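Visitor: Positions 9 to 181 (this note's numbering) are the ones given, in order, by the sequence shown.
One or more hints might be untrue.
Simulated pairs of lysine-lysine, DSSO-like, Cα-Cα distance not exceeding 27 angstroms [unchecked claim]: (1) Lys-25 to Lys-83; (2) Lys-127 to Lys-64; (3) Lys-83 to Lys-64.
Computed Cβ-Cβ distance ranges for the label pairs, DEER-style [stated by the list, open to error]: (4) Asp-118 to Leu-156: 15 to 23 angstroms; (5) Asp-174 to Glu-45: 47 to 55 angstroms; (6) Pro-76 to Leu-122: 27 to 35 angstroms; (7) Asp-174 to Ala-112: 20 to 28 angstroms.
Calculated from the structure, these hints are not laboratory results. The model shown is predicted, which means the values in this text are computed figures rather than measured ones. Heads up, the beta-carbon is just placed ideally off N, CA and C, and yes, glycines get one too.
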Amino acid sequence: MEAGYALIAEEGARALKIERLCQQVGATRGSFYWHFEDIASYREALVASWNSFLEKDRDSLAGLDGLPPRERLSKMMDLLVSPEHWMLERAMREWARTDATAAANVRAADRRVLRAVAKAFEDHGCSQDEARFRAEATFAAGIGLLHLAGSAAQTGSTAQRERFVDLMLANPG
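All chains should be modelled from the sequences, with the hints used to inform the complete structure.
Guide: If you want it as structure tokens, here you go:
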């Protein structure tokens, strides 16, 4: 699955072809067909894998609920820039541009994350409207970071991310 996500993240959904996958992992076409009926079944498996990842992600977000808002937001940012999350997120967003199933999965994940981020801002003392505004701005910055950075290693230092969290938490009004 990882090879498929890497191809999508690096070259776009059109690169997701049997030949390219086999080349990426050093396997034969026969090996591919041993595991998958066709490229459509592989794509279905990618979406299923993404959904499994989202389940773990949901559990991770739920586990952060007891933390103070600043620490919670900081940990959410750390999750976003982790190498595994970064690649999957970037790949699924790219794929969602051309695939309705992937787009629906991304939208559902976005709503869940936006709620969690807004809750952290509300818990910090922001009004519901202000919390939603800050959550959307934070979320947009995170998506921008995914597209600006060539890899998870290029997403900036922990100190830069902490400065961003401080900026977003300033003057909760």
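Visitor: Enumerate the violated hints, using their earlier numbering and listing them in ascending order.
Guide: 1, 6 and 7
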